[in-house]
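No gaps in the numbering here: position 203 of the sequence shown is 202 in numbering that gives the first Met the number 0, and each next residue is one more.
I should point out that these hints are in silico values taken from the structure, not numbers from a laboratory. All the given hints hold, so there is nothing to weed out.
With a straight-line cut-off of 27 Å between C-alpha atoms, the simulated DSS-like cross-links for lysine-lysine are:
{"no.": "1", "residue 1": "282", "residue 2": "267"}
{"no.": "2", "residue 1": "203", "residue 2": "227"}
{"no.": "3", "residue 1": "257", "residue 2": "270"}
{"no.": "4", "residue 1": "150", "residue 2": "227"}
{"no.": "5", "residue 1": "267", "residue 2": "257"}
{"no.": "6", "residue 1": "203", "residue 2": "150"}
{"no.": "7", "residue 1": "209", "residue 2": "227"}
{"no.": "8", "residue 1": "209", "residue 2": "150"}
{"no.": "9", "residue 1": "282", "residue 2": "270"}
{"no.": "10", "residue 1": "259", "residue 2": "270"}
Each pair of labels, with its calculated beta carbon distance range:
{"no.": "11", "residue 1": "149", "residue 2": "189", "range": "17 to 27 Å"}
{"no.": "12", "residue 1": "259", "residue 2": "207", "range": "49 to 59 Å"}
{"no.": "13", "residue 1": "351", "residue 2": "322", "range": "37 to 47 Å"}
{"no.": "14", "residue 1": "139", "residue 2": "207", "range": "16 to 26 Å"}
{"no.": "15", "residue 1": "282", "residue 2": "259", "range": "32 to 42 Å"}
{"no.": "16", "residue 1": "166", "residue 2": "193", "range": "12 to 22 Å"}
{"no.": "17", "residue 1": "189", "residue 2": "277", "range": "52 to 62 Å"}
Quick reminder that beta carbons are idealized off the backbone N, C-alpha and C, glycines included.
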Amino acid sequence: MKSPAGPSHQIADLLDGNRDGVRVPNAGATMTDFNRNNQPQTSQPRAAAAKQPISRSARPKHPLIRHRLAEAATPTPLATPQPTSTPWPAEPRSAPTAMPLPQQRRHKEEPGSRRSRNKAAVLPSKEALELSSIHGQVHQFRGFVDRFGGKQGQSGIMPTLCIRSLCHAATGRAVDPDHWWFRLSQEWSELGLQPGDEVLFTAKVHHRTKGFVDQVLSKKYEGRVRQKVTGFGGNLRSVALIRRAQRPLDRELELRHKLKERELQMSKELKEREQQLSQQLSKRELEFIRGLNVQERQMTQELKRRELQMNQDLQEQEQWICEVERMYRSLERRIGHMAHDLSRQKRRALVAMACALGIGFTGGGVLSWRLAGSGSVGAAPGGSPAAEEVLGPNRNDRSGNPSLAQGQ
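All chains, full assembly: derive it from the sequences and hints.
This is the structure we're talking about:
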C-alpha cells in the first residue's frame, strides 16, 4: 500500500525498515518504545538485532504519532523528552511480533552526515534535489541519453544506457546524482533511442548497490568501491520519448530543405528583380526612344530651317553673282567703248597730226621751191636736185602714203 504524499509521511516511510531491504533502527516503534529505548541500557549484539523480523503492521497509523516520530527522527541532541499535558490517543496495535524490538543505542548525528542530509525532504530551489530525500517515492524524471554501455552479469554482458542531466519533472530541479546507468530493458529498446534524445520516465527511488566487489578492481578504478547509494529501481513504471536529437542525416535533410527553400526564395527574388529590371529597362527604353524622336524632330526642323536659310543665302549669292557678272559685262562694254573711242581719238589725232605735218612739209616745200624758182629763173622745169630731195617723200601723198593710209 502506498503512503500518502507529505513530509511527515515521507519521513515515516524512511523509518520503515522493511521496505526495499534496508533496516533502520526503531523502525515501526511507538512513542513509548522510543522513550524506553532512549534510556541507558546495556548494549545488545547487532547480529541478534538483525535477525529479528520487523512487521509493517506495527507502524503507528495516527497522523499525530507520525508527526512526533518525524520530529524525533531529526538530528537533534539526545535528551529525555519532557512529559506533556496533551493526552495521547490510543495507539492502534496489531498482533504482537514474535520477538520484541532490540534496544538500540542512538548517537548524535553530525550536521553534514548522510543520514542528516537524507532527512531534509524540502530543499531550496537553487540546490539540487537529492534522491535520498525522496527515498521510497515514485516520481517522474527527465534526462538525456548520454551513451550506451555494458555490465558484466551472470549470463554475460548486460547492455546498459546512461541518462545524464537528470531533473525532477514536476519542479524542474536538478537531481543529485545527475546521471544514472539503467539496464537496457525492453521499454528502452522499443523507443529506438540514440545519444542526445530527451526522455521522460517514471521510477521509484530505492537504495541500490554500486561499484566493484573485487578489491583489485576497486583499487584499479578509484572511487568505484562497492557501496550502497540511493538511485532508481530496475523496473521502470513508464518510459516516454520527449524529443529526439538531431541526427547527422536529419541535419543534412534539414539543411537540404533549408537550402532548397533558400534557392526557391532566391530564384523568386531573382525573378522579381529581373521583372523589375525589365520593366525599368523597357520604361527607360521608351523614354529614350521618345527622347530620340523628339531630338530627331527638333534636328529635322533645324535642318529644314538651315536648308531654307542656305537656299536663301545661295539665291542671294547667285543673284549677287549675276549682278556682278552683269556689272562686269557692262564694265567690259564700257571699257570697250572707251577703248574704241580712245583709239578713234588717237587715230584722229594721228591723222590730224599727219595731215598737219604733210601740209606743213608740203607748204614748206612749195614755199622753198617758189623761193628757189624765183632765184634761178632759168632752171630746168624739173627743178633742182635740192628741191627734189625736199619734195621727194611727199610727192606721192595724194596718191597714197602707206603710213598715212594706215594711220587714216
